[in-house]
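Student: Please model the entire structure based on the sequences and the hints provided.
Be aware that the sequence shown starts at 3, since it is given in our numbering, and climbs by one per residue.
No wet-lab data here; the hints were simulated from the structure.
Where hints are given, some of them may not hold.
Unchecked claim - Result set (SDA-like, lysine to any residue): computed pairs, CA atoms no more than 25 Å apart in a straight line:
no.: 1; residue 1: K52; residue 2: I42
no.: 2; residue 1: K52; residue 2: Y65
no.: 3; residue 1: K48; residue 2: R64
no.: 4; residue 1: K52; residue 2: R64
no.: 5; residue 1: K53; residue 2: R38
no.: 6; residue 1: K53; residue 2: R66
no.: 7; residue 1: K52; residue 2: R66
no.: 8; residue 1: K56; residue 2: P45
no.: 9; residue 1: K56; residue 2: P37
no.: 10; residue 1: K53; residue 2: P37
no.: 11; residue 1: K63; residue 2: D41
no.: 12; residue 1: K63; residue 2: D46
no.: 13; residue 1: K63; residue 2: P40
no.: 14; residue 1: K56; residue 2: D41
no.: 15; residue 1: K63; residue 2: L51
no.: 16; residue 1: K48; residue 2: R66
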Amino acid sequence: MPFQYLLLDFFMAERIQKPVEPAPWGPKQGDGGGPRSPDISRPDTKDLLKKMRKVDPNQSKRYRQRTGQ
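Tutor: As C-alpha coordinates, this is what we get:
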(Lines of atoms letter the chains of each structure in order from A; the text may use other names.)
(Lines give C-alpha, C1' and ligand atoms only; values in the text may rest on other atoms or scores of the structure.)
Protein backbone atom coordinates (compact mmCIF):
# COMPACT_ATOMS: atom_id res chain seq x y z
CA MET A 3 0.00 0.00 0.00
CA PRO A 4 2.58 2.67 0.91
CA PHE A 5 4.41 1.94 -2.34
CA GLN A 6 1.29 2.84 -4.39
CA TYR A 7 1.01 6.21 -2.63
CA LEU A 8 4.68 6.84 -3.35
CA LEU A 9 4.10 6.16 -7.06
CA LEU A 10 1.10 8.49 -7.13
CA ASP A 11 3.14 11.29 -5.60
CA PHE A 12 5.98 10.65 -8.02
CA PHE A 13 3.88 10.71 -11.21
CA MET A 14 1.57 13.58 -10.27
CA ALA A 15 2.98 16.85 -11.51
CA GLU A 16 2.78 19.98 -9.41
CA ARG A 17 0.05 22.37 -10.46
CA ILE A 18 1.27 25.71 -11.69
CA GLN A 19 -0.30 28.63 -9.85
CA LYS A 20 -1.27 31.39 -12.28
CA PRO A 21 -2.38 34.82 -11.15
CA VAL A 22 -6.15 35.04 -11.11
CA GLU A 23 -7.57 37.74 -13.37
CA PRO A 24 -11.20 38.84 -13.14
CA ALA A 25 -13.41 37.51 -15.90
CA PRO A 26 -14.21 40.14 -18.57
CA TRP A 27 -17.93 39.38 -18.23
CA GLY A 28 -17.88 39.58 -14.44
CA PRO A 29 -18.82 42.55 -12.29
CA LYS A 30 -16.71 45.66 -12.66
CA GLN A 31 -14.96 47.36 -9.77
CA GLY A 32 -17.38 49.48 -7.80
CA ASP A 33 -20.41 47.70 -9.26
CA GLY A 34 -22.13 47.02 -5.94
CA GLY A 35 -25.27 45.08 -5.19
CA GLY A 36 -26.52 41.76 -6.35
CA PRO A 37 -28.16 40.64 -9.57
CA ARG A 38 -30.72 43.00 -11.01
CA SER A 39 -33.87 42.14 -12.89
CA PRO A 40 -33.80 43.01 -16.59
CA ASP A 41 -35.26 46.35 -17.59
CA ILE A 42 -38.20 45.02 -19.64
CA SER A 43 -41.60 46.62 -19.88
CA ARG A 44 -44.70 44.51 -20.56
CA PRO A 45 -46.37 45.14 -23.92
CA ASP A 46 -49.68 46.94 -23.78
CA THR A 47 -52.43 44.30 -24.11
CA LYS A 48 -54.89 46.80 -25.60
CA ASP A 49 -52.48 47.52 -28.42
CA LEU A 50 -51.97 43.78 -28.93
CA LEU A 51 -55.73 43.16 -29.14
CA LYS A 52 -56.09 45.96 -31.71
CA LYS A 53 -53.37 44.41 -33.85
CA MET A 54 -54.98 40.97 -33.56
CA ARG A 55 -58.40 42.39 -34.52
CA LYS A 56 -56.91 43.68 -37.77
CA VAL A 57 -55.61 40.22 -38.63
CA ASP A 58 -58.51 38.03 -37.44
CA PRO A 59 -61.39 39.37 -35.32
CA ASN A 60 -62.28 35.92 -33.97
CA GLN A 61 -58.71 35.32 -32.84
CA SER A 62 -58.79 38.42 -30.63
CA LYS A 63 -62.00 37.15 -28.98
CA ARG A 64 -60.41 33.76 -28.33
CA TYR A 65 -57.36 35.48 -26.85
CA ARG A 66 -59.54 37.57 -24.53
CA GLN A 67 -61.35 34.45 -23.32
CA ARG A 68 -58.07 32.61 -22.76
CA THR A 69 -56.43 35.42 -20.79
CA GLY A 70 -59.56 36.42 -18.88
CA GLN A 71 -59.75 39.94 -20.25
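Student: Tell me if the straight-line CA distance from K52 to I42 falls inside 25 Å.
Tutor: 22 Å, holds
Student: Holds or violated: K63 and D46, Cα atoms, limit 25 Å.
Tutor: 17 Å, holds
Student: Check whether the Cα positions of K63 and P40 lie no farther apart than 25 Å.
Tutor: Not satisfied, since the Cα-Cα distance of roughly 31 Å exceeds 25 Å.
Student: CA of K48 to CA of R64, is that 25 Å or under?
Tutor: Judged against 25 Å, a Cα distance of about 14 Å means the pair holds.
Student: Does the alpha-carbon distance linking K52 and Y65 stay inside the 25 Å limit?
Tutor: Holds, because 12 Å separates the two Cα atoms, which is no more than 25 Å.
Student: Take a quick look at whether K52 and R64 sit within 25 Å of each other, Cα to Cα.
Tutor: 13 Å, holds
Student: Is K53 within 25 Å of R38, Cα to Cα?
Tutor: 32 Å, violated
Student: Verify the proposed pairing of K63 with L51, using a straight-line Cα cut of 25 Å.
Tutor: Status holds; Cα separation ~9 Å.
Student: Is the straight-line distance between the alpha-carbon of K48 and that of R66 25 Å or less?
Tutor: Judged against 25 Å, a Cα distance of about 10 Å means the pair holds.
Student: Just to be careful, I want the Cα atoms of K52 and R66 compared with a cutoff of 25 Å; is the pair within it?
Tutor: 12 Å, holds
Student: K63 and D41 were given as a pair; does the straight-line alpha-carbon distance stay at or below 25 Å?
Tutor: 30 Å, violated
Student: Mind checking the alpha carbons of K56 and P37 for me, to see if they're no more than 25 Å apart?
Tutor: 40 Å, violated
Checked against the numbered hints given earlier, the structure breaks hints 5, 9, 10, 11, 13, 14 and satisfies all the rest.
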